[in-house]
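For the protein sequence lines, the chains are A and B, in the order given.
The opening residue of the first sequence carries number 1 in the working numbering; numbering runs sequentially from there.
The opening residue of the second sequence carries number 1 in the working numbering; numbering runs sequentially from there.
Source of the hints: derived by calculation from the structure; they are not laboratory data.
Simulated DEER-style distance windows between Cβ atoms:
#, chain 1, residue 1, chain 2, residue 2, range
1, A, Gly185, B, His31, 55 to 65 Å
2, A, Ala322, B, Glu72, 37 to 47 Å
3, B, Leu12, A, Arg163, 55 to 65 Å
4, A, Pro485, B, Ser11, 49 to 59 Å
C-beta atoms are modelled at their ideal positions from N, C-alpha and C, and glycine is treated no differently.
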Amino acid sequence: MSPAPRHGRGRYDVIVVGAGLSGSLIAKELGDKGWRVLVLEAGTGTLDGWPGHLDALDTFYGALAKVPNSPYRPNAAAPSPDVLDVTGLPAGGYRARGYFVQNGPLPYSTDYLRARGGTVLHWLGLTPRMHPEDFRTRRTYGYGRDWPLGYDDLEPHYRAAERALGVAGDAAEQAAAVGLPFPDGYVYPMHAIPRSYVDDVFAARLDGATVREAPGAPGTTLRVTGTPHARNSTPDRRYDGGRGYRPAGAAGLPNYGERCVGNASCVPICPVQAKYTPLKTQATWDRRRVRLLTHAVVGRVLADGNGRALGVEYQEYEDPAAPVATTRTAEADVVVLAAHAIENARLLLVSRLAGHSDQVGRNLMDHPVLLGWGLARHPVGPFRGPASTSGLESFRTGPARRERAPFRIEISNWGWGWPAGSPGSDVARLLGIGAGPAQPRAKGVFGARLRTALGEEIGRQVSVQFLMEQEAEERNRVTVDRRHPDRLGNPRPVITYDLSERVKRGMAAARSVSEEIFRLLGAEDRTAYEPGPLSPGYFRFEGRGFAFNGAGHGGGTHIMGASRGTSVVDAWQRCWDHPNLYAVGCGSMPSMGTSNPSLTMAALALRSSERIHRDLTEAHRPAAVGPLSPEPVGDGRTEGPA
Amino acid sequence: MTPKTSTPAPSLDDFLTASAALTGFDAFELHATGMAELYHDTAREQVGDAALGRLLDALAAAGGDPDGIADEIARDIARALAHTWYLGVWPQLAASVHTALGRQQANAAFTVSPEAYTEGLVWRTFHGHPAGAKPPGFGTWADPPPGAPAVARAGAGAPGLPGPRGGGA
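Excised from the complex, chain A in its bound form:
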């Protein structure tokens, strides 16, 4: 009897932990440069082929709550947090169950997905760049943490990320309305996604109007601005010096998904895959050099006494429903943790690595989201097109940041889907069905009256989403506790989370702006924040009630900085304490500004891959070009050299 084949036979140049956005981009870059890369993915790979995609779509159709993780099957070996894990209590406060253990004053209601492709499978796909001042809020406005690099350092990588993800947008508009510097003549790979009729209604009433976020505050002028998307639109023939751009279609189905067709379900799944997912990048991996192993849960990073990472220990399992694991190791010259901010922190904590600064797991962030919703005076065509095609960008920057968190306003195209669970809740309400079976039921409306009432109400739903910047705070943190293991015995994340007064002041300003927006629209403001099961994020501030939601933008758990004493990674996302161990992703961000962070994460990953390439080149030359020798493959899930 021979021993179980060792997947790490020989040494790899690089091990990447996590087959999501950052990991897929880094594996792509390094594989293309000739390095042998092993990608270890804790989740399954069932979503990569077209049949797996269709299965996920059916699971989404059949889900009662169409939450971001609803298309993707639970996995006991690599559990994921879910937004449904947190429920509110009748008088405020919350209860958490599921993967996270939560002990903070407020709940962390942000999810992620541990599966091949990662959380970006269910992202909305918005790709605004961060503003230059977002990188230096401490120096400029006296709060938060500064990045050890600036917008100008990252700008070429933003362009590289916009190519890698396939971004549609209007650079001139972004420059004018947001103040983003672009190189002269820069255009995005694709023309902007057309803005929605909802956006037009907002623009007709809001453009040029001035609102005050508090009595006596300076006026801020509104302007509806298109948002860049990683979503296939019409290629811009001017791109890349006139070479143009070819959209990347669906992974697993040729000549499909090369343009958005308006399914209006970007979150949680684009049926045609016109939205970027890391599966598209994986389809371009050089399979002679990039090897993917799914069902491989990395449990810890192995290091020697001098702080050099040697490799990783991982558990391989068969059945995600009833996991039984075999422990294996793999070795490489460089180890890259790309497993999500919270998972990266968890791995570093379990491995007792990178701890010199005592910042691992700290500074946990999100974009806490406040919602506002109302009824317009006429039909607006909700639930059509991407979830948001435009925003109001005037509150992202400027001196008001000294006092309160800045925010980006997304104009929703999906009615009250997020704030009220429409249209399902509207049907139930009109039929007289209350919150639960025990609640007395109203008589209800049926027939033509039901049909007409639904059309008149749902058709006029509008809502806005305020994404608040959350500054780095050490008290917001991830820890691990052996008393709370998952099914494979790995410690679950323990989350301690709260909102600062600065964020709450931002929400109070946002609430005032929300009221002004609905007043300008001539819409009936139906926003109401009440404690209850659906409002785990309810709190009171300055005499008013608020309820916030998670954005799915987890970050800040292994922040980068200028010195080893105060940060976990350097400007290359390389652990200060371990020169060949990288921790990449939103966890590295000392601040996230108000931009949906995936594009910035991608830019950072591409930048780090350049550094990793230099590290490896200094150590030895790349492998010879040509097919690598085949390796023993233990089962059908292993992908790699055939």
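Since chain A is already given, all that's left is putting chain B on it; use the hints.
Frame of chain A, contents of chain B only:
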């Protein structure tokens, strides 16, 4: 064991007649969803033939007007049927009705089938399409929906955007 009643099974036709009254969509439209038999079967499984017959009788006695249904058990089944047609989801019954019917299954909501979701009637009430299915095409979200006034388009006349809706090729 003796069945509770010997009520004959309500026919699909009778079920559709009632469903049309409850939903405001005519029987032809309901047939066209492809869901009629599945919902008929689901209703019979969930509440039994006797209770389903009780609803159909109550509706008939009210002259086909659901507002005239006085019996609360029949009315809650009416809610469940309309909910299913509109959303593809069989809802929880009122706790009292669940108990009164002596149902053996859990009083749990469920999506009847993946297709039931995409065939939900609610999307049609506002000229929409089910989120995640039956996509209307690139850029269609820029058009005013029926009954909405035209408003100025952003970037009207922007260069380099040939084709329909300012973004087509």
